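Peer 1: Each chain, letter by letter, is given below.
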Amino acid sequence: MKRRPSPVILALQYLLLIAAAIFAFYPVWFAILASGRLGSRLYSLNLAGMLLPIEWTFENYRVMLFDRPFLTWLTNSLIVAAITMGSSMLFATSAAFAFSRFRFKGRELGLIFFLALQAFPGILSLIPVAQLLSALGLYGSKLGLVFAYTTGTLIFCTWNLKGYFDTIPIDLEEAGMIDGAGPIQSFLLIALPLARPALAVTALFAFLAGWSDFVFASVLVPAPDSAKMLVPGMYSLANSMSVPWGYFAAGAVMIIIPVSALFLYLQRFFESGLTLGGVKG
Amino acid sequence: MINWSGRRKSLMILLFIGPMLLGLLVFNVYPIFFSTYISFTNRNQFRPYPDCTEVANKIIEPTCWGLTKAPTGLGQPFRIREPFYANYTDLLGQFFTGPSLLNLLRILAVLVPIIIAAQVDKRLGRQLVRPVSSGVVWLAGIVGAIAVALLVNLGGAYYTLLNAGDFVGVIVQTVLYVVLRVPLTLVFAMVLALVLNSDFIKGRAIFRVLLFVPWAASSLAILIALIWQFFFREQGTINQFLSAVFGIKGPTWLNMEWGAMSAIVLADIWFSYPFMMIIILGALQSIPGEQYEAAEIDGASWWQQFSSITLPLLRPAILPAIVLTSISAFQMFGTAFAMTAGGPIKGAGKPGFTEFVMVYAFKQITQTQAYGRMGAFAVIIFILLFAATLYSLRVTRITKGAYE
Numbered sequence: 001m002k003r004r005p006s007p008v009i010l011a012l013q014y015l016l017l018i019a020a021a022i023f024a025f026y027p028v029w030f031a032i033l034a035s036g037r038l039g040s041r042l043y044s045l046n047l048a049g050m051l052l053p054i055e056w057t058f059e060n061y062r063v064m065l066f067d068r069p070f071l072t073w074l075t076n077s078l079i080v081a082a083i084t085m086g087s088s089m090l091f092a093t094s095a096a097f098a099f100s101r102f103r104f105k106g107r108e109l110g111l112i113f114f115l116a117l118q119a120f121p122g123i124l125s126l127i128p129v130a131q132l133l134s135a136l137g138l139y140g141s142k143l144g145l146v147f148a149y150t151t152g153t154l155i156f157c158t159w160n161l162k163g164y165f166d167t168i169p170i171d172l173e174e175a176g177m178i179d180g181a182g183p184i185q186s187f188l189l190i191a192l193p194l195a196r197p198a199l200a201v202t203a204l205f206a207f208l209a210g211w212s213d214f215v216f217a218s219v220l221v222p223a224p225d226s227a228k229m230l231v232p233g234m235y236s237l238a239n240s241m242s243v244p245w246g247y248f249a250a251g252a253v254m255i256i257i258p259v260s261a262l263f264l265y266l267q268r269f270f271e272s273g274l275t276l277g278g279v280k281g
Numbered sequence: 001m002i003n004w005s006g007r008r009k010s011l012m013i014l015l016f017i018g019p020m021l022l023g024l025l026v027f028n029v030y031p032i033f034f035s036t037y038i039s040f041t042n043r044n045q046f047r048p049y050p051d052c053t054e055v056a057n058k059i060i061e062p063t064c065w066g067l068t069k070a071p072t073g074l075g076q077p078f079r080i081r082e083p084f085y086a087n088y089t090d091l092l093g094q095f096f097t098g099p100s101l102l103n104l105l106r107i108l109a110v111l112v113p114i115i116i117a118a119q120v121d122k123r124l125g126r127q128l129v130r131p132v133s134s135g136v137v138w139l140a141g142i143v144g145a146i147a148v149a150l151l152v153n154l155g156g157a158y159y160t161l162l163n164a165g166d167f168v169g170v171i172v173q174t175v176l177y178v179v180l181r182v183p184l185t186l187v188f189a190m191v192l193a194l195v196l197n198s199d200f201i202k203g204r205a206i207f208r209v210l211l212f213v214p215w216a217a218s219s220l221a222i223l224i225a226l227i228w229q230f231f232f233r234e235q236g237t238i239n240q241f242l243s244a245v246f247g248i249k250g251p252t253w254l255n256m257e258w259g260a261m262s263a264i265v266l267a268d269i270w271f272s273y274p275f276m277m278i279i280i281l282g283a284l285q286s287i288p289g290e291q292y293e294a295a296e297i298d299g300a301s302w303w304q305q306f307s308s309i310t311l312p313l314l315r316p317a318i319l320p321a322i323v324l325t326s327i328s329a330f331q332m333f334g335t336a337f338a339m340t341a342g343g344p345i346k347g348a349g350k351p352g353f354t355e356f357v358m359v360y361a362f363k364q365i366t367q368t369q370a371y372g373r374m375g376a377f378a379v380i381i382f383i384l385l386f387a388a389t390l391y392s393l394r395v396t397r398i399t400k401g402a403y404e
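From first to last, the protein sequence lines stand for chains A and B.
Per the numbering used here, residue 1 is the first one in the first sequence, and the count goes up by one each step.
Per the numbering used here, residue 1 is the first one in the second sequence, and the count goes up by one each step.
It is worth saying that the hints were derived from the structure and are not from the lab.
Values in this document were obtained by computation on a predicted structure and should not be read as measured data.
It is possible that part of the hints are untrue.
Straight-line C-alpha distance at most 27 Å; calculated DSS-like pairs for lysine-lysine [stated by the list, open to error]:
#1 B:Lys-346 <-> A:Lys-105
#2 A:Lys-142 <-> B:Lys-9
#3 B:Lys-346 <-> B:Lys-363
#4 B:Lys-363 <-> B:Lys-350
#5 B:Lys-249 <-> B:Lys-346
When you get a sec, could you build the whole thing from the sequences and use the hints?
Peer 2: Dropping the structure here:
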């Protein structure tokens, strides 16, 4: 057993943890506080007002929900993110299964080649992607965004799922094959159900790629307010001089809290999914 | 194993990988070729359109493929530059001159004492009885580094390099940001992980959840960064706090060069420490307790236990994480763009003090539309990041053995 630390050290440790917890939680807490205050009063807070919701109104929430295109942005982003998630899971799971189970020429090389492609940063492919989409007539449309996001997530998703498929023993599939299952059956009926934890984590990642992106969403959809995605829409609110910051805070709270809660709920799941899969050469 | 051969097998494999490969070819491989091609041209806001009668454009320029009607408009078509690598010399030119390289050497000289300390420490570690502890060696290394920094006038060298052209300046300030952020995040995460791993702290589960909040919120990084930006505004929360408690009128943080840099580093530590903390906590829990018991019996102090048991055993887990976070920090976009958008400005037409690599690229693409130059920029950054990725693979492979 380790020595018990002296009371002074123990107190310091608690102090450090409390300070760190405040540091970690305060930005989110501040957004909650600000969302309950009317715009200009955010610039004249007293000490208590910085820490506690001594003043509260739902006005900001009402404005965001009914007078601003917040719900339209939310729907736009949800649609794009959901389709991105679906299509990238469809492509990535089948490719990952093939890379894990089949042996073919160029398999190893292909996997390394994907990592090399991954090194090309998304922002720098903005010009070619915009050119491609405008040539295809998809510039400014949701479908164009879905293409950009899906292809952006494919490599990570494939690597992650391939890592997980590698950890599933092949015996079950071999037993299935003796009973006459082909590769498609063994993929759909045996491997996929076993890979559920990794599938959940990867799907969440693919969803977030579409949900949280700013760069492509702001450049590829330069359209009017109603066509905007959520994050660029919120960005334009926060930096506008004429819009009270409280509106932004209310919107941010409505987006951040559910997503964070989902993350914290899935945390254990998430860690094990990432460590079981992950990049293993 | 799947045991057929010939055409059926190839078809089956194609069915499984085909869609993914097609997507990658169009949206990941093609952009690299495209960027390389336009990096040789003078494409910019005045010459935005391709000349579709040229063979090269017919092949590589999607708007010339005839899927939709060819672009027309004001301005001339762009051309290959003379010489074709002119964009590269524009970007790198000022870097490969005597004064710039000399300044780089001055900066690198600061690392020499630290490298010497690492080597000495390694050599001493092989001996049975250490004449001096590793803490002393490292301390000497750091003191040496500070002495060298004063000797070569590190700050002066940094500023001269910062002004040696847009590209060099952007790279240098991005590297400075990575050098500030990654070690600070590591230390912060390490301290928290060590405390959280202690058996004598009550309520660890609650602290764990609270400390993971930034990680949970980081999927919407740009929105949180906008909250951080509000904190640092002239009448933001930090200045209100300063005036309420100390009666000081705080500065406009984000308009000060170092204020903006520190604000971004602080906000980014907030985003990135939980990941490090998870990694370190996981590795800490895999260290067998007997090792500490044995050390305890031998009378080892806390520092001796930490430096001879904990740190070496954490190394295989931390090293790949450091390389990966450095690569992602180098590519950081959201926090800097949301907080300062690259500012404060250095002068007209110059990148601002916190205009890091990706912020610079984004602003150049969306505002000045210097596509040709950005193509060259993309190629150079790609080569750098590709090398870094290969290095990270090597580190992961070397350290992997430690767990198996």
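Peer 1: In ascending order, which of the hints set out earlier in this document are inconsistent with the structure?
Peer 2: Hints 1, 2 are the ones this structure does not satisfy, whereas the remaining hints hold.
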